[in-house]
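Undergrad: Line by line, the protein sequences give chains A and B. Letter by letter, the first sequence follows residues 1 to 221 in my numbering. Letter by letter, the second sequence follows residues 1 to 221 in my numbering.
Mixed in with the good hints, there may be bad ones.
For identical chains, the list gives no copy identity; a pair is met inside one copy or between any two copies.
[To be verified] Calculated lysine to any residue pairs in the SDA-like style (CA-CA distance at most 25 Å, straight line):
hint: 1; residue 1: Lys78; residue 2: Ala204
hint: 2; residue 1: Lys177; residue 2: Leu167
hint: 3; residue 1: Lys177; residue 2: Arg197
hint: 4; residue 1: Lys184; residue 2: Thr87
hint: 5; residue 1: Lys77; residue 2: Lys177
hint: 6; residue 1: Lys78; residue 2: Asp27
hint: 7; residue 1: Lys81; residue 2: Thr44
hint: 8; residue 1: Lys177; residue 2: Glu70
hint: 9; residue 1: Lys177; residue 2: Thr198
hint: 10; residue 1: Lys26; residue 2: Ile16
hint: 11; residue 1: Lys177; residue 2: Asp166
hint: 12; residue 1: Lys26; residue 2: Lys56
hint: 13; residue 1: Lys177; residue 2: Asn69
hint: 14; residue 1: Lys184; residue 2: Thr67
Just so you know, the hints here were simulated from the structure itself, not pulled from any lab data.
There are 2 protein chains.
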Amino acid sequence: MKVPVIRNILEANDRIAAENRALLDKDNVFCFNLMSSPGAGKTTLLERTIESLASKINIGVIEGDITSNEDARRIAKKGVKAVQINTDGACHLDGSMIRTAMDQFDLASLDLLIVENVGNLVCPAEFNVGEHMKIMILSVAEGDDKPLKYPVMFRECSALLINKIDLLPYTECSVDKIRKRSLKINPKLTIFEVSARTGEGIEAWTKWLKARVTRRKRHEA
Amino acid sequence: MKVPVIRNILEANDRIAAENRALLDKDNVFCFNLMSSPGAGKTTLLERTIESLASKINIGVIEGDITSNEDARRIAKKGVKAVQINTDGACHLDGSMIRTAMDQFDLASLDLLIVENVGNLVCPAEFNVGEHMKIMILSVAEGDDKPLKYPVMFRECSALLINKIDLLPYTECSVDKIRKRSLKINPKLTIFEVSARTGEGIEAWTKWLKARVTRRKRHEA
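With the sequences and hints as input, model every part of the structure.
TA: Structure follows, in structure tokens:
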């Protein structure tokens, strides 16, 4: 009984996600969907990313949380337009939620639309929202066994940011094991080691991201 | 369309959970359902708990993971019977998965059955599995805003273990804020501060847990 129900929901979602993607492509807006466990550092990473890129490209952010609007307020403080989605219990964002939020932006004026998903290493990976790329964060405090236990997220993502590397001396986590285990699941994964708190490694990440956004805009010209 | 589907699934689950609970009660087995984000330290906490209590009470553990059996192997190394459930994609355990796993135990010989749920701060809180108590872990590395953003988990649980307190000097997390925000959602929450890694605070937790198990057995006599 359950399987067909879930399949129908996923199919309906994929249709709306494809429409979102067409709207983004019409205005050459690059969009990535940022996912992680709760507290891995998504919002802090976005704050650093905006500090680095907001003077060069036009950024919009959609914040997904079950409840609260704290994250959107944090992003807005950085001078970037942020729209908060409250899922009211749902454990992931879906295409129709993103459509409603997209309507709040003037897409023609944007270069980059960032979707920060609900903190959850499982469900968000299964729902496309129209993004060009899924990107994940893993905090070293979560441990190096996570690729073994949550393989779908690692398989679906194009880039992995290993965050909180400033905590490495105080944990048993091996970055080398994370790398090997992640790449075994997804050999094409681009991996960054960062500390959103101290700023370490952020430049390599934002440079890589900006190249993706700019390439998109060049196609337009 | 979605709401009635979800309601039917939850109702069917509640019926099976009630049957599980009756089976546990028949043999006076105390059962708690342990939940947290990925990497908050559930398995390490259980290792410490077993080291402290296994000579005094008979413990069984059901391990829930999307894939892999690493956690059950870690528990079995401590000399306790562990059964691994692989949910094969599902983001939470449900009553029927637990029933199947319970069949692997001789309940009459157990005092305590521990269910370690899939690492997820959202979905597991909504599915009863027949447990007497839901207990959660929050790692200080996740930050003190989590009660604001994942209130259902904090509302459903009877006890909160604030873990990885050895990392406090290296984070901006305030235990005081976690306490205040959690108790505002759930004033009856019992809170422990622990480091499963260093062993700090574990004695208070295991003493509290053992009292719950023993009380149950005394009712039986």
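Undergrad: Now tell me, hint by hint, if it's right for this structure.
TA: Consistency of the hints with the structure:
no. : hint             : result
1   : Lys78 to Ala204  : within (21 Å within a copy, 43 Å between copies)
2   : Lys177 to Leu167 : both (16 Å within a copy, 21 Å between copies)
3   : Lys177 to Arg197 : both (23 Å within a copy, 20 Å between copies)
4   : Lys184 to Thr87  : between (33 Å within a copy, 21 Å between copies)
5   : Lys77 to Lys177  : between (37 Å within a copy, 22 Å between copies)
6   : Lys78 to Asp27   : within (24 Å within a copy, 58 Å between copies)
7   : Lys81 to Thr44   : within (16 Å within a copy, 41 Å between copies)
8   : Lys177 to Glu70  : between (34 Å within a copy, 15 Å between copies)
9   : Lys177 to Thr198 : both (23 Å within a copy, 23 Å between copies)
10  : Lys26 to Ile16   : within (15 Å within a copy, 50 Å between copies)
11  : Lys177 to Asp166 : both (17 Å within a copy, 23 Å between copies)
12  : Lys26 to Lys56   : within (21 Å within a copy, 67 Å between copies)
13  : Lys177 to Asn69  : between (36 Å within a copy, 18 Å between copies)
14  : Lys184 to Thr67  : between (36 Å within a copy, 15 Å between copies)
Hint compliance for this structure: no hint is broken.
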